[in-house]
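**Q** Going down the list, the protein sequences come from chains A and B. Using this note's numbering, read the first sequence as starting at 1 and increasing by one per residue. Using this note's numbering, read the second sequence as starting at 798 and increasing by one per residue.
Treat the hints as calculated values from the structure; they're not laboratory data. Don't take each hint at face value.
Said to hold, decoys possible - Each computed EDC-like pair below joins lysine to aspartate or glutamate, with the alpha-carbon atoms no more than 16 Å apart: (1) K411/A x E435/A; (2) K341/A x D174/A; (3) K37/A x E825/B; (4) K503/A x D537/A; (5) K28/A x E923/B; (6) K315/A x D191/A; (7) K77/A x E889/B; (8) K77/A x D156/A; (9) K318/A x D174/A.
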Amino acid sequence: MTTVQEHAPNPAAGDPGRPIGYGRIQRKEDPRFVRGKGNYLDDIVLPGMLHGAVLRAPVAHARLVSIDTTAALAHPKVLAVITGKDLQALNLAWAPTLSADVQAVLVTDKVRFQGQEVAFVVAEDRYAARDALELIDVEYDVLPPVIDARRAMDADAPVIRDDIEGRTDNRIFDWEMGDAAETEAVFAAADVVVSQEVVYPRVHPAPMETCGAVADFDPVDGRLTLYETTQAPHAHRTLYAMVAGIPEHKIRVVSPDIGGGFGNKVGIYPGYVLAVVGSIVTGRPVKWVEDRSENLMSTSFARDYIMQGEIAATKEGKILAVRTSVLADHGAFNATAQPTKNPAGFFSIFTGSYDLKAAYCKVRGVYTNKAPGGVAYACSFRVTEAVYLVERMVDILARKLEMDPAELRLKNFIRPEQFPYANKTGWVYDSGNYEPAMRLSMQMAGYDELRREQLEKRDRGELMGIGVAFFTETVGAGPRKHFDIVGLGMADGAELRVHPTGKAVVRISVQSQGQGHETTFAQIVAEELGIPPESIDVVHGDTDQTPFGLGTYGSRSTPVSGGAVALVARKVREKAKFIAAAMLEARPEDLEWEKGRWFVKGDPGVGKTIAEIALGAHGTVALPEGIDGNLDAEVTYDPPNLTFPFGAYICVVDVDAGTGAVKVRRFIAVDDCGTRINPMIIEGQVHGGLTDGVGMALMEIIAFDEDGNCLSGSFMDYLIPTAMEVPDWETGYTVTPSPHHPIGAKGIGESATVGSPPAIVNAIVDALAPYGVTHMDMPCTPARVWEAMQGRPRPPV
Amino acid sequence: MQISMKVNGNDVTRDIEPRVLLVHFIREELGLTGTHWGCDTTNCGTCVVLMDGQPVKSCTVLAVMADGHEIRTVEGLAADGTLDPVQQGFMEEHGLQCGFCTPGMMLTARALLDRNPHPDAAEIREAISGQICRCTGYATIVRSVQWAAAHPLAKDPAADDGAAGASTAEEVTA
C-alpha cells in the first residue's frame, strides 16, 4: 500500500495552516488530459504546414570547411535548405543569449559542440526532412576539443570562442560573494576545518515532451505567430522583437500545453529561430520538433559544477563559516537562463540554513566544447548546487566530529527569532522555523529506531545508510531592482475580469508545464473573492491574451504571479465595495467584507454578493465618480523580496555489499512552502522533485568521452528512474508563511529537487562508513559505489 | 502499401509508406493526437497503445505490423461519454501533472486491470516500469490505478468490443 503521512501543521506557526481556496480540489486541466485532448506543440497542424529538421555536427570541435546542399535541394519534397551563410545574409547567424553572450543559430565558422546546429531543411513532411539531412555533404576540419573543465584554462588549451574579438582563453567570468578576508580569519581561528571536492555532474531535465516550435509568418501583414514549447512566452516575444527586428506588436507567442519543462524550456533555441526563418523563406507555416537525442545533446543541460568546499567549526560542533571555490562548466556558449546580474545564479545561498559568522564563495565560469546551458532541471537558479554542497559539507563535518548529522544541524539552525535573517552573502531570509520541521521528519522516520537498526545491520555486515538534509531555498525572483533578464525586470502581471453573471476570468503571465496553474490560480481568486474555483477560468500561455510577465521557472509562479493574482483580486474586491455601496445606497466605509459579499456593518442581512455587484457594475445603478462600469482590474506585482521555502529530508538506503547497488528504501520529506493552496498539487510537486533527486543521485549523468562525444544521447544511456527505483514517498509539512507575500505562499516547485540529492548521497556515504568512505560523487551507480568501497572513489568528470 | 486495422472500434484503411511508424500513423494519418511520442528508443512509453489488448510502444511498431489488428488509444478509453475508471482514478489521485505520459500510463493500467482486477502496489509498479513519468514520482499513479481497481464500472468498457466514443476525428471512420 502507498503510505503517505500528512501530519498536522506546525502549531508554532500561528495560524493552523489551513490550505486556502478550497484546498484539495481536482485539477481543472485534467479532464482534457485524461481524454487525450491536450494540445501540445506537436499536436498543432496548420494548413499548408511544412516540417523542418536540423543537421547537427558529428564532432565537438571543428572548422567548417564547406557545405554542399545540392543533393538535398534536389529532393522532390524539399523546399529549402538553410545554412549559416544564408543566416549571415539576414544578420541572424548569431543570436544573443540570456547571459550577455552570443550563440550560433547555425554554424558559420566553427563547430563548438557535438550536436550543434549546422543546417536546416524544410520539407513537405517530417520523413522527407530527415531523409534530406543525409543528402547534405559537410566537410569538417577537426580540432582538438576542450572537454575537461579543469583543463579549460591551461595555457595550451584551444580557444573555443575565437569568434569573440580579442579572446585568448576560455574564461567566461569570475564572480565572488561574501567577505574573503573575514572568512579567512574565521577559518584560521577555527578548531576544526574540513574540506572536500564535491562535483555536481552535468545532468539534463529531459522533459517527456521534447522542444519544438511551429512558426507561421504572414508576409502580407508581417505578423508572426509562433507556437513554442516555452516557459516564458512574453520574454521570448520581446527578445524576438529585439533580435529579429519584427515589431513586438506583430509577434504572437503561444505556449500550448507543455509536456514538462523543468527549466529545459526557458531559453531560445536555434531550432525556434530556424522554424521562423523557414516560415519566412517558404511563406508557409513550419513545424520543428527535436527528437530525444537532439534534446539531450543540444538543449539546456543542468549543473556541471566542480566545487571545492570548506567548512569551519568549533570542536563542540558550532559551525562558523563556509567557503568554496567553484569551477563552472558552461559549455560552448554562455547561455544560462537566469537573472542577468547573477552569473552563478543564486549559488551564494550556499550558507544554507545555518547561522554563520562568515561565508565566501567564488565561481569561475569556463567554456568547453559541450552543449550550452547550466541553469535548468528545477534548480532554482543554482540553489540545487548550493544546497548539495553545504549539506554534504555538514555531513562530512559531522563524521569528523563524530556527531549525529541531525543533531549537528539542529545545533546550528538559524533560530526563529532571528528572522528576517541577513546571511553573510547578501540574502535576507523572509521567515523560517527550522527545528520543528527537522523534528517532524525525524519523528516520521523513527530516526532513533533507524539508527539502532543500522547498528544491528552493521554487526551483520549489512550496509544500511540514513541520510539527513535540510535545505533553504531562495525563490520567486524577484524584486525588479535586483533581478532582471536582459533588462526585463522580473515582475509578473495579472488581469481579472468578473463577468456580469459573477463568473470570472484571470489572465496570468506565467505558463504551466504541468504545475496546475489553471487550478491553483483560480483557487487564489476564489479565496479572495468567494467565487468558486470552477467559476473562474485561468488564461495563460498566449501573449495576445495575457499581461506581460517573465514566466515560470525558479519556482516563481506562486511567489510572483500568485502575488499578482491575489492583489488583482483584492483590487476587484475594493472596487466592488464602492459599487455595492452605490447599489445599497450606503457609504463604502460602512460596508464590511465576508467571503463573497459586502454587507452593511451591524446589518448583515443587507448586502450584495460579488455576482450581484458584477451585474450592478454593468447595470444601470449610478456609480460614484472614478468607478468605471465593470468589475475588472489589473496589476503588475513586483515582489519586495524573494521567498525562502525550506524542508527537512531523511533518506534510508540499503547498499548491496557485493554489487554496490543502492536501494532507496524510504524517503521522508517535510516541506514548508508557507501558506498552502492545493495540498494535492503540492504533494505532487514534492513527489516529482524527489524522483528527480533519485535520478541524479543514482543514475543520471550527461557524460562525454575525451573526444567530446556525448555518451548520454538517448534514454538507453541517460537513465531516469522508473516506478521500480523509487519508494512510496512519505511527506509531511509545516507552515511558516512568508511575511511579505500577499497570501504568505513561498513556492514548492523545486524544493524536492533541491533537497533530495544530498539526503540520498548522505545516506549512501553513511552506509559506506564501515569502508571508510567519507564522500562520493553522483551518480552513485553500482560500479561507482563499488569503487568507492574499494577505496578508489572517482569523480564523475 | 495498403493496411487495414480497427482503431477504437472503427475500421480504417490507408495507403502508407512501409516505413511509417505506428505512432505517426495514429497521430498524423488518423489525427488521434492523444498518443504521444517521447524517445524513439522504446524507453519512455509515452507512445503506448493497446494492440489486441496488449500494451505496445507504438514508436517501435511499424504501422504495417498493425495491419489486421485492433488498436486502442486513449481516445478509446471512455465509452459513450463515460470515463474509464482509470481516467477517473488519475483525476482523483493526481496521477498526472503535465499529462504527456498519461495516455500511455492509463492504457497500461487498463491492460493490467483487464488481466488482474486487483493488483497490489508492486504489481502496478511493475506494470508501468517500462514507462517514464518526469512529474509525478509514480506514487500517485499507483494510487490512481488502485482507485480504478476499487471503482470498476458495472459494465467493463474493454469488453464492449470497441463501441468507444473515439470517432471525433472523422477520418477514423473509414
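**Q** All hints are to be evaluated individually against the structure, with a verdict given for each.
**A** Outcome of the hint check:
1. The hinted pair formed by K411/A and E435/A meets the criterion: a straight-line CA distance of about 9 Å does not exceed 16 Å.
2. Between the alpha carbons of K341/A and D174/A the distance comes to roughly 13 Å, so the proposed pair stays at or under 16 Å and holds.
3. Our distance criterion of 16 Å between C-alpha atoms is met by K37/A and E825/B, whose separation comes to about 15 Å.
4. A distance of roughly 8 Å separates the Cα atoms of K503/A and D537/A; the hinted pair therefore holds under the 16 Å criterion.
5. Between the alpha carbons of K28/A and E923/B the distance comes to roughly 30 Å, so the proposed pair goes past 16 Å and is violated.
6. About 6 Å separates the Cα atoms of K315/A and D191/A, which keeps this hinted pair within 16 Å; it holds.
7. At most 16 Å may separate the alpha-carbon atoms for a hinted pair to count; K77/A and E889/B exceed this at roughly 47 Å.
8. A C-alpha spacing of about 47 Å is found between K77/A and D156/A, which places the hinted pair above 16 Å, so the restraint is violated.
9. For a cut-off of 16 Å, the pair hint linking K318/A to D174/A is broken: about 31 Å separates their Cα positions.
The structure fails hints 5, 7, 8 and 9 (numbered hints given earlier, in ascending order).
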